[in-house]
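Engineer: Dock chains Z, E and C against chain V, hints included.
Chain by chain, the residues run as shown.
Protein chains: 4
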Amino acid sequence: MSKLKIGFVLAACMVFLVAIARPAARPIPQPQASLTNDPKLIEDLIYANRILYSQGVLDGFGHVSVRSDKDPSHFLMSRSMAPGLVTSADIMEYDANGEPVDARGRNSYLERYIHAAVYRARPDVKSVVHSHSLDIIPYSVTGTVLRPVYHMSAFLNLGAPIFDSHDEFGDTDMLIRNNQMGDALAKTMGKSGIALIRGHGFVAAAGSIPLSVYRAYYTQMNARLQSDSMKLGTVKFLTPGEAAKAQVATEGQAGRAWELWKSQVGKIE
Amino acid sequence: MSKLKIGFVLAACMVFLVAIARPAARPIPQPQASLTNDPKLIEDLIYANRILYSQGVLDGFGHVSVRSDKDPSHFLMSRSMAPGLVTSADIMEYDANGEPVDARGRNSYLERYIHAAVYRARPDVKSVVHSHSLDIIPYSVTGTVLRPVYHMSAFLNLGAPIFDSHDEFGDTDMLIRNNQMGDALAKTMGKSGIALIRGHGFVAAAGSIPLSVYRAYYTQMNARLQSDSMKLGTVKFLTPGEAAKAQVATEGQAGRAWELWKSQVGKIE
Amino acid sequence: MSKLKIGFVLAACMVFLVAIARPAARPIPQPQASLTNDPKLIEDLIYANRILYSQGVLDGFGHVSVRSDKDPSHFLMSRSMAPGLVTSADIMEYDANGEPVDARGRNSYLERYIHAAVYRARPDVKSVVHSHSLDIIPYSVTGTVLRPVYHMSAFLNLGAPIFDSHDEFGDTDMLIRNNQMGDALAKTMGKSGIALIRGHGFVAAAGSIPLSVYRAYYTQMNARLQSDSMKLGTVKFLTPGEAAKAQVATEGQAGRAWELWKSQVGKIE
Amino acid sequence: MSKLKIGFVLAACMVFLVAIARPAARPIPQPQASLTNDPKLIEDLIYANRILYSQGVLDGFGHVSVRSDKDPSHFLMSRSMAPGLVTSADIMEYDANGEPVDARGRNSYLERYIHAAVYRARPDVKSVVHSHSLDIIPYSVTGTVLRPVYHMSAFLNLGAPIFDSHDEFGDTDMLIRNNQMGDALAKTMGKSGIALIRGHGFVAAAGSIPLSVYRAYYTQMNARLQSDSMKLGTVKFLTPGEAAKAQVATEGQAGRAWELWKSQVGKIE
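Residue numbers (our numbering), protein chains in the order written: chain V, 6 to 274; chain Z, 6 to 274; chain E, 6 to 274; chain C, 6 to 274.
One or more of the hints may lead you astray.
To be verified - Computed list of lysine-lysine pairs in DSS-like fashion (alpha-carbon distance at most 27 Å, straight line): (1) K241/C - K45/C; (2) K241/C - K236/Z; (3) K267/Z - K250/E; (4) K196/E - K241/Z; (5) K75/V - K267/V; (6) K250/C - K196/C; (7) K241/C - K196/V.
What the hints assert, rightly or not - One-sided and incomplete, this derived list gives chain E residues near chain Z with beta-carbon spacing under 8 Å: (8) L90; (9) T92; (10) H137; (11) I142; (12) V146; (13) G148; (14) V150; (15) F174; (16) D176; (17) M179; (18) G204; (19) H205; (20) V253; (21) A254; (22) G257.
To be verified - To give a feel for the contact side, a few chain E residues facing chain C, derived at Cβ under 10 Å: (23) D43; (24) A159; (25) W263.
If you are wondering where the hints come from, they were derived from the structure by calculation, not from laboratory data.
Built from N, CA and C at the ideal position, the CB exists for glycine as well.
The shape of chain V in the complex, shown without the other chains (with noise of 0.2 Å):
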């Protein structure tokens, strides 16, 4: 039960991590063309990266990305690095088969087609992150399914489904390398918020950057007081009524752990 916690001291510290560690971190931003109409979206997306470090949803690895709102086919992500150091200037775009469109010799994340793949499967969504969480892969090792225990994330009521690429690729190094797996994983998503990744993580969807961060750390705190809660008793878990509806009332307030998360990441360049 002590996760929700976590998350947060993970929050404080990393941020001040991030932020003592800056100078070491930091390369020059370089000049670049502008990826997308909105600045905003730049910025919110290298908050996002900063955010779910610093609350324990990503670490050194992991990754989070945004459809471009100047092609909507295409998308936008860090080059390969660890997400709590991110800049403006690290960020890429991705045509709609998670190929770099002006690499510049960064590199790119292997499982970027992850994000190719939900992309081209839901028009609806806009943002996408990928976890290793240690709170969520002990769902998607044994089975056990991820259900709303409480109102704030009334979401994993559209559903928590476990993909496994052994049963369709058989032995492979567990990496989502290529649209093919991409597209299996998007299959067994669906229309979920989330879905888990066996032995490897999970990956959260939805409509914009802070709904995406949003359901990616709720589903942790979910994971965290669905096993806690196991182990005292039967669990009464909200009722698809009751989910319906407290997702619409919670979702609506995520503007608010946004807020607060950002005030906690501080500065970013």
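Structural biologist: Same frame as chain V, now just chains Z, E and C:
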């Protein structure tokens, strides 16, 4: 068993965060009519917001209020925002029905009716806390009764009833968003120091701000102790006689924790 | 198994907090007669307060004392306050019965009789710690015996008896608030390095301040290890022969942890 | 499941602590003959000390070493001190038998023979870590075999044998304090990337400093995942085929975590 510590870490780090975040997060305080005869009441309310956040009782959500000393039928609470960022300019006055007296464009918490109902039902209560604590929700969804494991949480001897909105109101969005639901919660709470809300969180109430904070904090500690103890074996809880005496002794020392927590929060505005 | 780390995080963050909180929290030190022949004794006692707080052994409550080198029948301990904020001006001298020698209006801890009783019963003891550690209380309320899981806590081989005040004193407020209860606790403790207090906490004692701090800290570590190990299977504890030898080896290295912890606490007053 | 985060929090806070503690903790670096042809080797060794401490793999105890590039039969390791405080002036050279080449009054770790033995037995090993990790000890005392739960710890497919000194040496003080015990440990370790030491800790070894740190860190993560997963149900571990491929893919990305961890540690001396 790690959760007390985690709470403290949260304290430390959040306070630090709020500190560095303050420049970005603070609106310019606006002049306003005094909401109370005792200015210390507002100062303590702001400290309570910061402390509950820094101790992990509140996160981006939840709230704390105090009964007005100017009009005891009214209460004071922050506008709708993350408790960790609250300043004096954010404190609003609410009437006996939970409606803002002078909103001046500031939004109110949807669940302010929790506070209004408890103040109406409990003349002895001077301060109310509402939290989504991950430590306590597992008890609310499994029907596990919180009982005092150690002297610090002896007040649980007063009871820790669980309110399930579904019993009386069926499928709702789980929020206590009107006085009817607030009254039902207050009725379930009765004379207890806390009440759990199924799939949502809990409410703590006491005769002063430091004591409502103390009860909210030590309810979490007891929840962690009780879960950890039940994993080890059969728990010998405090006897009713021990609890009655220990409550007097420990709540009489609550000021020591309050002073520490204030020193951790540092200067407020 | 996360708890060692949590303790360290507590260390880090609390120290930081105390640091920023100090200006607000510090009273002006007042001149006073030397309480000891060796000024280092007071310095170490203050470090012990700060370290035990920063390591999560103490929170707003609990205390640590040292036997006076000026009058070995007396001991030194802070006035009644949060250990994390203690300075040299707060150190008081107590006589063999736990009564203050020169209170000068300063309040004393209600449970100072724990210390007085152990010093009376154990000439070999030079320092005593009393804590409400959440790691250890579950053992006290379930009657689970702490045994050495690893070499660092080999001193548990000396025993870890549980004192239940209810056996001899019936319904009390759970506090060791007189010499009669203190003597009963000391009798239960016998020659052990620690004793648990049911529904309350524990006491650690040793021949020096760094060693009493070491024992309090590693009793927590062992509690976490033992709980986590019991969840995995049947535990092979250290054999009595291994524990006897390992205690000599590890307690002989206690200074390495003490120096680290001091460096974490930073400068004291 | 909270433990990955906790590790990171440790990282953040410890680094901060070490930072503020440095003035107090740092000895004046003394001029000395170069221990290596590649100065980066010492820099990386110091980073490894700081990172393993900040990530919670090491605390006041434990150590990390690197094989000398000047004399591959020798290795480099800090003098006996807390890893979190190590500077270049503290690095000593040890011969193939674990004896210091030029002690200059500096004390050596009692368990340096762990390193000497592994370097003698494993020409492929260039760096060795020894830790008392609370995450891993429960596996060592219950005989629970660590197996790869996710791709990041696929190297566990190489094996995670448990060394119990009692089998061959009977009642000892549990320390690997001579070459005979070191050789027995190395023999048990065989070609694995790690070996557990019953009631004591574990050893990680790899072909470079960043990779030995990576393996030590992700062994902890896997320990947490495996414990949490086993509580939920039957665990589907990586298949041998998946693990073999995933090890190549993930260890090939270890540099991303290393760069992040270095940025968290900040400037070293």
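Engineer: Sort out whether K250/E lies within 27 Å of K267/Z, counting only the CA atoms.
Structural biologist: violated (46 Å)
Engineer: Interface hint check: A159/E, Cβ to nearest Cβ on chain C, cutoff 10 Å. Holds or violated?
Structural biologist: Result: holds, 8 Å to nearest chain C Cβ.
Engineer: Is the interface hint for G204/E satisfied, with its Cβ closer than 8 Å to some Cβ of chain Z?
Structural biologist: Because about 5 Å separates G204/E from the closest Cβ in chain Z, which is inside the 8 Å limit, the hint holds.
Engineer: Could you check if G148/E really has its C-beta closer than 8 Å to a C-beta on chain Z?
Structural biologist: Nearest chain Z Cβ about 7 Å off; hint holds.
Engineer: Tell me if the interface restraint on H137/E is satisfied: Cβ within less than 8 Å of some Cβ in chain Z.
Structural biologist: With Cβ-Cβ at 7 Å, under 8 Å, it holds.
Engineer: Restraint: H205/E near chain Z, CB-CB cut 8 Å. Satisfied or not?
Structural biologist: holds (6 Å)
Engineer: With a cut-off of 10 Å on the beta carbons, see whether W263/E makes it to chain C.
Structural biologist: holds (8 Å)
Engineer: Should the interface hint for T92/E be scored as holding, given a Cβ-Cβ cut-off of 8 Å against chain Z?
Structural biologist: violated (13 Å)
Engineer: With a cut-off of 10 Å, does the beta carbon of D43/E approach a beta carbon of chain C closely enough for the hint to hold?
Structural biologist: violated (21 Å)
Engineer: Holds or violated: K196/E with K241/Z, Cα cutoff 27 Å?
Structural biologist: Holds - the C-alpha atoms of K241/Z and K196/E are around 26 Å apart, at most 27 Å.
Engineer: Grab the minimum C-beta distance from M179/E to chain Z and call the hint holds if it beats 8 Å, violated otherwise.
Structural biologist: holds (4 Å)
Engineer: Would you check whether V150/E satisfies its interface hint, that is, whether its CB is within less than 8 Å of any CB in chain Z?
Structural biologist: violated (11 Å)
Hint compliance for this structure: hints 1, 3, 9, 14, 15, 20, 21, 22, 23 are not met, and every other hint is.
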